[in-house]
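Novice: Taken in sequence, the protein lines are chains A and H. Just so we're aligned: 266 in my numbering is position 208 of the first sequence, and the numbers increase by one with no gaps anywhere. Just so we're aligned: 157 in my numbering is position 155 of the second sequence, and the numbers increase by one with no gaps anywhere.
Since the hints were made in silico from the structure, they are not lab data. Just so we're clear, the structure is a prediction, and the values are computed from it rather than from any experiment. Ideal Cβ positions, reconstructed from N, Cα and C, are used throughout, including at glycine. One or more of the hints may lead you astray.
[What the hints assert, rightly or not] Chain H side only, calculated, beta carbon under 7 Å to chain A, not exhaustive: (1) Gly144; (2) Gln208; (3) His236; (4) Glu290.
[Unchecked claim] Straight-line Cα separation of at most 30 Å, DSSO-like style, residue types lysine-lysine; simulated pairs: (5) A:Lys204 with H:Lys288; (6) H:Lys305 with A:Lys204; (7) H:Lys33 with A:Lys204; (8) A:Lys204 with H:Lys39.
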Amino acid sequence: MEHLLELQNIVVRFALRFGDLTAVDDVSFTLDRGDRMGLVGESGAGKSVTGFSIIGLISRPGYIASGRILFEGTDLAHLNEEALRNIRGNRISMIFQDPMMTLNPVLTIGTQMTETLQAHMDITDEEAAAMAVDRLRMVHIPSPEKRLNQYPHEFSGGMRQRIVIAIALLMDPALIIADEPTTALDVTIQAEILDLLLELCATGKTGLILITHDLAVVSQVTDKITVMYAGRIVEMGSTDTIIHDPRHPYTQGLINALPGSRHTGSRLNQIPGMMPNLLTIPPGCSFHPRCPFMMDICTKQAPRLKYYKEHERQISCFLMENQNKGSI
Amino acid sequence: MNDKKPLLEVNNLIKHFDISGGVLDRLTLEKMRIRMKKTVVHALNDVSFSIFQGETFSVVGESGCGKSTLGRAIVRLYPIDKGSIYYCGDRIDTKDSRAMLPYRSKMQMVFQDPYASLNPRMKVEQTLMEPMLFHNPSMSMGEARDNVAAVMEQVGVDPGWASRYPHEFSGGQRQRISIARALMVEPEFIIADEPISALDVSIQAQILNLFMDAQDDRGLTYLFITHDLSVVKHISTRVAVMYLGTICELAHKAPLFAHPRHPYTQALLSAIPILGFRKSRHIRLKGEVPTPIELPSGCVFHKRCPFAFERCFNEVPKLSERDSGTFVACHGVEEGKI
């Protein structure tokens, strides 16, 4: 069966003065209609760059060095700008962290919405306005007809993010990529936005990639998790299995470091050190300097992402290879 | 805890910010008459609480609730409009800056953004030495260097890096340096304003551990200001929940998280995402947080409260003790309706 989205061995590099920096290294995953996948990692893990690569937002000096991005059968990695523009905001939409940066402050909400619609469809202003009102209603904006004539500053932070989501929904996209959509918002508003995302995916027609550093948020919304570290996928599988039984030492570290996972008041389990700078990624497994289970082989050779049937997921770690005979 | 004398006591604190601007900005037309209008942000409205020696007192609330203003008003970064602040029984809000000096070395502050709070032109050593030499002018350079090295060691920054500049450190390391700066003057009380929100998850755990270790080693008292409820649940002794410049509930951590009494606390706690536990529903509040420029009459929360009744529209509820140690400002709770 054809997947909605299939990333095959994507490598994204940035050509800098002193050489190439690899931000995304050999990332592959698939997403089907109705899937909700969380792309998790700390800053510098390459999760946003992976998201950007899908809709061709990697700008120079960055480039997709190799790999294929199959979306509804088309390879987006080798598509020209013109063809990409037909897909962006149409079949694939993106939601960013800060709604104030995404919305144009000098245009009304209505103008921004009809602009998107008319870029992809040959429709009149009235038809476009009617569609915009419909989408604003979907994201529970009260009295949308009046709101169309207002500017972004007249809305609160939570309302703005709803409007950004309404714009993303305009063309009924098959895939929504949300990059830290609730990080800038308060908890009560975050809960509402997460509800909204779940509600929109409930139809089963849209795929969602939720990029975030917050594992608790991911566990509320997604059914699949991909954990990234220093540009590579370290663990990938269903949300429930990974959250309740993390296998990669980095995933274990991330989950154990959360307050709430331990007895209150006791010391938290910290991961020593920090994520390596992408220019000085350690040889072998990039996590080995911080790993409590580091072995000799980890410093010399990079582990490969393999599927382990008994754990129902893919893991990239020599510990697993030693314990089990992995099969790809 | 009540038999102990409080380390810090804040009584009926009020802080308003006048944002009217210049004369032309103030002019408004009202009933065909030109009038001068004053625009005031009501950041803190009658806030009272005490912090006891050795505890971690957390203040939580959403953006704009006045929690940062509260922290800054206590160390007198902002002058207060009304109310009083006592430190170890001495009133400090009326002292002039010279008389304030001894208290300044006892109270220190750690800020949210470790990129903005360290002077980029000063070496780490200079940053750390400055407050210490200011408060102890007679200290020799040798002794000062030894102290700097000892504190750097304690916060987990290699003392060999003392002559480096802030930009050479990562975010987590910088936050360690800001904590070191606060520790240099041997304080008793530290106000930490969102000290880990700018950091990555794995680094947050490191910094929280550092705060807890420093508290064990030095017997510190913390006022911890944050919006992150899972952090609050982990480190606090007592918690104050703020909404629109007022404390709506103040309680020991365990009863607060187990049985929140105030409707706002209930909604806030129900909204926290919990790892691996998909919530069927959280309490949805009506509308949005009103602006602190025009405060609602009566209870500041009444417009969004699912339980609001007539008394809430007119009368401001007082923070009063319900169970031992739990204070709630709510007419509904007081009358046994909630």
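Novice: Hint by hint, note whether the structure agrees.
Specialist: Evaluated hints:
1. Gly144: violated (32 Å)
2. Gln208: holds (5 Å)
3. His236: holds (3 Å)
4. Glu290: holds (5 Å)
5. A:Lys204 with H:Lys288: holds (20 Å)
6. H:Lys305 with A:Lys204: holds (22 Å)
7. H:Lys33 with A:Lys204: Holds, because 27 Å separates the two Cα atoms, which is no more than 30 Å.
8. A:Lys204 with H:Lys39: holds (29 Å)
Consistency with the previously given hints fails for number 1 only.
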